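All chains should be modelled from the sequences, with the hints used to inform the complete structure.
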Amino acid sequence: MIPAPLHIAGERLMLDPMGILAWPARRSLVVSDLHLEKGSHFAARGAFVPPYDTRETLSKLALAVRRHRPARLILLGDSFHDAGGCERMAPADCAALGRILASVEETVWVLGNHDPVAPPGLPGLALHLLADGPLTFRHEADPRGPRPGAGGEVSGHFHPKATLATRAGGITRPCFATDARRVILPAFGAYTGGLDVRDPALGGLFPRGGRVFLLGTDRLFSVPLPPMRRRAELPA
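Read left to right, the sequence shown gives residues 1 to 236 (full-length UniProt numbering).
In case anyone wonders, no lab produced these hints; they're calculated from the structure. A few of these clues could be false.
SDA-like mimics (lysine to any residue), calculated; alpha carbons at most 25 Å apart, straight line [to be verified]:
{"no.": "1", "residue 1": "K60", "residue 2": "G193"}
{"no.": "2", "residue 1": "K60", "residue 2": "G216"}
{"no.": "3", "residue 1": "K60", "residue 2": "G10"}
{"no.": "4", "residue 1": "K60", "residue 2": "E106"}
{"no.": "5", "residue 1": "K60", "residue 2": "A9"}
{"no.": "6", "residue 1": "K60", "residue 2": "C94"}
{"no.": "7", "residue 1": "K60", "residue 2": "L195"}
{"no.": "8", "residue 1": "K60", "residue 2": "A126"}
Have a look at the derived ranges for each label pair, beta carbon to beta carbon [claimed, not checked]:
{"no.": "9", "residue 1": "P51", "residue 2": "H7", "range": "37 to 43 Å"}
{"no.": "10", "residue 1": "E87", "residue 2": "P143", "range": "17 to 23 Å"}
{"no.": "11", "residue 1": "P227", "residue 2": "L122", "range": "37 to 43 Å"}
{"no.": "12", "residue 1": "P143", "residue 2": "T217", "range": "30 to 36 Å"}
{"no.": "13", "residue 1": "D218", "residue 2": "T166", "range": "14 to 20 Å"}
{"no.": "14", "residue 1": "M228", "residue 2": "S103", "range": "25 to 31 Å"}
{"no.": "15", "residue 1": "M228", "residue 2": "G170", "range": "15 to 21 Å"}
{"no.": "16", "residue 1": "D199", "residue 2": "P24", "range": "31 to 37 Å"}
{"no.": "17", "residue 1": "L129", "residue 2": "A180", "range": "17 to 23 Å"}
{"no.": "18", "residue 1": "R27", "residue 2": "R144", "range": "26 to 32 Å"}
Fair warning: this is a prediction, and the values are worked out from it, not measured in the lab. Using N, Cα and C, we set each Cβ at its ideal position, and we do this for glycine too.
Pasting the structure below:
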């Protein structure tokens with residue numbers, strides 16, 4: 001896979017086509033919105049879906065950790081779909097998650113709106129936000145934006161996706177959304193939808209525009225994100 005470099009607050013970050021972010025200077029890997037046990041959450045309410053989302057998501061996460069070999073794993077919130085998700089995990093999935101966490105020196109659970117409390121029985125540090133050097137990691141982007149001189153922001157929550165206009169029609173993919181001061185990660189979980197970057201709730205965070213990086217099989221596709229007032233179709 002071919003990652004794309006991104007510079008925010010003087011730090012070199014790497015955007016991976018798997019939908020994850022690496023911070024080489026801190027040996028950190030950042031992943032957002034796993035939504036583990038989303039399938040079992042809906043099954044308990046009578047909406048039966050294949051119960052394999054947790055297994056698929058953890059398999060992808062294990063591959064990402066093996067590829068990047070981070071010392072620190074930062075999970076940007078909504079790691080579980082609800083507060084009881086950890087207890088509903090199948091023993092094999094619990095074991096798989098345990099192996100992933102044991103392979104890193106430190107795990108940081110940034111708390112989200114779906115998982116506002118630390119997952120019980122799992123190692124790691126639970127925080128509402130993580131400030132490290134010039135970067136702040138939180139689940140949902142601060143609508144006020146990083147203060148001038150306060151560094152950059154890395155977040156998730158919105159599950160951004162974008163449609164790229166091509167001669168064969170529009171291609172919609174999860175994406176990173178970024179400008180010079182913040183980056184919003186796509187959702188990593190197998191059962192996660194997306195919010196179009198043109199939606200005011202997401203696009204309003206980039207009033208001056210920016211760039212989106214659509215996820216491809218082994219590379220990213222970068223196109224401009226026009227300012228909100230001029231936003232229409234993303235260019236081919």
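Structure-based check of each hint:
1. K60 / G193: Holds, at about 17 Å.
2. K60 / G216: Given pair K60, G216 holds - Cα atoms ~15 Å apart, limit 25 Å.
3. K60 / G10: Violated, because 30 Å separates the two Cα atoms, which is more than 25 Å.
4. K60 / E106: holds (19 Å)
5. K60 / A9: violated (29 Å)
6. K60 / C94: holds (15 Å)
7. K60 / L195: holds (22 Å)
8. K60 / A126: OK: K60 and A126 at ~22 Å, within 25 Å.
9. P51 / H7: 37 to 43 Å: holds (41 Å)
10. E87 / P143: 17 to 23 Å: About 34 Å separates the Cβ atoms of E87 and P143, which means 17 to 23 Å is violated.
11. P227 / L122: 37 to 43 Å: Because 42 Å falls inside the window, the suggested range holds.
12. P143 / T217: 30 to 36 Å: Cβ of P143 to Cβ of T217: about 34 Å, so the range 30 to 36 Å holds.
13. D218 / T166: 14 to 20 Å: Once the Cβ atoms are compared, 18 Å apart, the range 14 to 20 Å for T166 and D218 holds.
14. M228 / S103: 25 to 31 Å: This hint is violated: roughly 41 Å between Cβ atoms.
15. M228 / G170: 15 to 21 Å: Taking Cβ atoms as reference, M228 and G170 lie about 20 Å apart, which means the hint holds.
16. D199 / P24: 31 to 37 Å: holds (32 Å)
17. L129 / A180: 17 to 23 Å: Hint holds: Cβ distance 20 Å, inside 17 to 23 Å.
18. R27 / R144: 26 to 32 Å: holds (30 Å)
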